[in-house]
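Once you have looked at the hints, place chains B, C and D with the ligands on chain A.
Residue numbers (the numbering used here), protein chains in the order written: chain A, 1 to 126; chain B, 1 to 126; chain C, 1 to 384; chain D, 1 to 384.
Incorrect hints may have been included.
[Unchecked claim] A few chain C residues facing chain D, derived, Cβ under 10 Å:
1. Arg103
2. Ile211
3. Gly305
If you're looking for bench data, these hints aren't it; they were derived computationally from the structure. Where a beta carbon is used, it is the ideal one built from N, C-alpha and C, also for glycine.
The lines below spell out each chain.
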Amino acid sequence: MSEHSPYSDAVARLFRETPGAGRPDGPGWANGEAREPLSATHVRWHLQATGGRVAASRYEVRGCPHTIAAAALIANQLAGRPLTDLGLDLPRVAALLGCPAAKFGRLFVIQDAIARAAHVLAAEEA
Amino acid sequence: MSEHSPYSDAVARLFRETPGAGRPDGPGWANGEAREPLSATHVRWHLQATGGRVAASRYEVRGCPHTIAAAALIANQLAGRPLTDLGLDLPRVAALLGCPAAKFGRLFVIQDAIARAAHVLAAEEA
Amino acid sequence: MSADPIYLDYAATTPLDPRVRAAMLACLESPPGNPAATHAAGRAARARVEAARAEVASLIAAPPAAIVFTSGATEADNLAILGAARGNAVRGRHLVSVRTEHRAVLDACGRLEREGFAVTLLTPDRQGLVDPGALRAALTPATTLVSVMLVNNETGVVQDVAALAAECRRRGALLHVDAAQAAGRIPIDVVALDVDLLSLSAHKIHGPVGIGALYVRREPRPTLVPLQFGGGQEGGLRSGTLAVHQIAGMGAAFRLAAAEGPPESARLEGLRDRLWRALEMLPGSHLNGHPVHRAPHILNVSFEGVDGEALLFALDDLALASGAACSAESGEPSYVLRALGRDDALAQASLRISLGRPTTVGEVDTAAARIRAAVERLRSLAPA
Amino acid sequence: MSADPIYLDYAATTPLDPRVRAAMLACLESPPGNPAATHAAGRAARARVEAARAEVASLIAAPPAAIVFTSGATEADNLAILGAARGNAVRGRHLVSVRTEHRAVLDACGRLEREGFAVTLLTPDRQGLVDPGALRAALTPATTLVSVMLVNNETGVVQDVAALAAECRRRGALLHVDAAQAAGRIPIDVVALDVDLLSLSAHKIHGPVGIGALYVRREPRPTLVPLQFGGGQEGGLRSGTLAVHQIAGMGAAFRLAAAEGPPESARLEGLRDRLWRALEMLPGSHLNGHPVHRAPHILNVSFEGVDGEALLFALDDLALASGAACSAESGEPSYVLRALGRDDALAQASLRISLGRPTTVGEVDTAAARIRAAVERLRSLAPA
Ligand SMILES: Cc1ncc(COP(=O)(O)O)c(C=O)c1O
Ligand SMILES: Cc1ncc(COP(=O)(O)O)c(C=O)c1O
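In isolation and in its complexed conformation, chain A is listed as follows (with noise of 0.2 Å):
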């Protein structure tokens, strides 16, 4: 055990500055949604795209720090990205963030919330 906080200085500072977050309005958005009901976790996120790729990305979330700081985390990452390709590398954003190991569960609600989000973007463009 150890003096420090159980939280790394990743997580403490995007669950402080939470960079990205917020419910977006404006045309274009669409969302998906997920939950682990566990642990009450819930995500929405937002994507807005172009050309099949991701141009813009937002999230409403409720969960553990380690759960707000990656969904940040990710935010920062998507633009650019392929809709039809926005898997995440998950232990690398654990590992990054210093995310233990029973929290990881927590990670595939993110993952899951923006799966739907760019499903529904690529039906809509579709």
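Frame of chain A, contents of chains B, C and D with the ligands only:
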């Protein structure tokens, strides 16, 4: 329980000074011995008599502080008493010294030694 | 994280009162004395222990000889429960306790189950009170012991112990009461409560951690099997060299609690209510526990729509406890709040704010403002 | 009685080293921190505990994770003995120990007998050593635990634990060692000694009373049933809020013992031998224990022809222990000396003179002179 010593002031003084202790020399003395093996208490009592009464009293004692103090206390009280009536008020001695009940038995060792010394003297005088 | 967060976790542990520290220091600077030794230093140590025993006894209206010093309330709870159950096993092998008890009680009961005892755990009502009728229904001829806490450590709910004691008496069961959170906060009278065994802790009331006591009724004296043996201290119930400085510290803490407890409790009650008035203005905030029967120093509130762990982290300039993490090792939602019928989400999204002697109005107002801001921010992040 | 008797009862308890007191005060003046709490104060408390754990472990060459903090060696002995016996009862219900063990060990064994275990108590030779062959003969397939102390608290005899451990290994029995009097006095290496469980106490080595530890081997890890439950601290082996100031004090005491122990032990050995040379000039004085295999800080001598209690009282300007009264409550002759074959009278007429960090040559010389004078005076009072 108290901050005080388990030994009363009277025991402390008599133990320190042991008035009347020692083995007398000179004529006219008789002695008697008694033991209590469990506590290795050992008393040898010396008496001198005139006209059937105690003239002087000395003692040798190995025992606990209460036993030593009791010997000193008793030695001081025998002078003038008839050899035929040297019974001791042991409960009073015990009370005077604050002697714990578990040690009462040791006071009888003193009484026995005195009785034997008196017996010897009485036989000699007779 | 700011260097000095506002400390609002007095139900976990309290800072030493400087007067308690002075009493301990007087021992720590004395010549060494093992109270079992016959020489003067030993006797002086013994005198200090006996003075403290009288001070502890006095706060709960007990005779000093009924106080057995232990290493804390955890040990006192275990000595009471394991000790009484094992010591009365020939009479019966059934115990009754409550789902909202402290882990020390529940885990001791769990151990007894492994030893072949049957344990009935009562569920309190939604406000945390145990129904005497439910206790009556649970008691059987084989019930030797009932264990019910006086003040709950998470919610502050004050149990009606006297009413429960009456049920125990009717059935001839012993009654153990964990009063670790009650001492110095609410009046305790072991005679009026009619209890057989009562656990106390020093560090919940500005005394040192690592020392506590078990009150053991004198007449009739319950049979207890000790937890540890050797030396025969404390009437054979708790062998081990007595920690004089710890005991003296507990004595000082209990003396101060007796002298200053009632006005201090009134003050804390005022602060607690002020805090609740500020928090209840947030929509979706729920008081956990009983609105009336509760201790002055604990306020427990659940907030809809936020994650408890995130709330705690957002409040890292407040030192307080959350239903999300009652202990550093577990992230499970509070089993106490669950037993009061809160769902997982509300149980987890709770704060236990507990007050103590150093708490000020300013601290309470700052804490209320920060909590409101944090809840509002987390709600604004969450999906509507 | 003089106000300040010369203290020569360091085997009973020792004064706090001022540096230990400073370490404790640093905790007692800190903001409160329950090591189980998640906030910063809690984490700081946890860091202090872990630093102390490493210091304690280091003195006995153990990994920190093998250290379980307890309220003292009494609890450590009980956790080891009751815990291992109960935890391995399916494998067998036989224990072996020695007649000269501390009460904490013997009384724990006595409790186990009441729980249906069989206990064999070995008698050491007249110098206090246990014959490995006698241990071998006592071990049966049902023997799960052997408990032997490293340094005897009355005589200072140092047992050949490694040789006894070899016997235990051959038979698959666990070995518990009470090292309360050994730590800081003689080197301890749990790996070299090959022990499974080892009890430690802080207050025998200038640390605070009320804190100790049990070393529990990591691999293979012995199965122990805890004495108390709740909270799950110390890997579940010892629940209860950790007493940070006490643990920090133990850590400091063990750190000092590691740094200063060897030269200090050499110094005490010199003083002990000087004292014995002065006392052995009295005819009828007998060294109790082993002339070679003994700890540096304890000297135990019997005097023919005197009463032990009277001797102790005559020496009320020395604070020391006597075979007449090992504990304030009993006046029985020392069972330890009896087990070495001393008769009641010699066992009772004994002094245990124990030395510590503050002991000076001057104190030793004064003590020797006073003891000689007291013995001579009592002998002169006694019937020739
Ligand atoms: C209700 C209750 N019982 C028992 C305990 C355990 O007390 P201690 O820390 O003295 O072992 C606590 C505190 O942790 C408590 O709040
Ligand atoms: C050999 C031995 N074991 C155990 C103990 C008990 O230690 P503690 O006082 O820490 O409970 C002592 C001291 O009393 C001792 O000398």
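Results for each hint:
Checking Arg103/C against chain D: minimum C-beta separation of about 4 Å stays under 10 Å; hint holds. The criterion of a C-beta within 10 Å of any C-beta in chain D is met by Ile211/C, whose closest approach is roughly 7 Å, and the hint holds. Taking 10 Å as the C-beta contact cut-off toward chain D, the hint placing Gly305/C at the interface is violated, the least distance being around 22 Å.
Consistency with the previously given hints fails for number 3 only.
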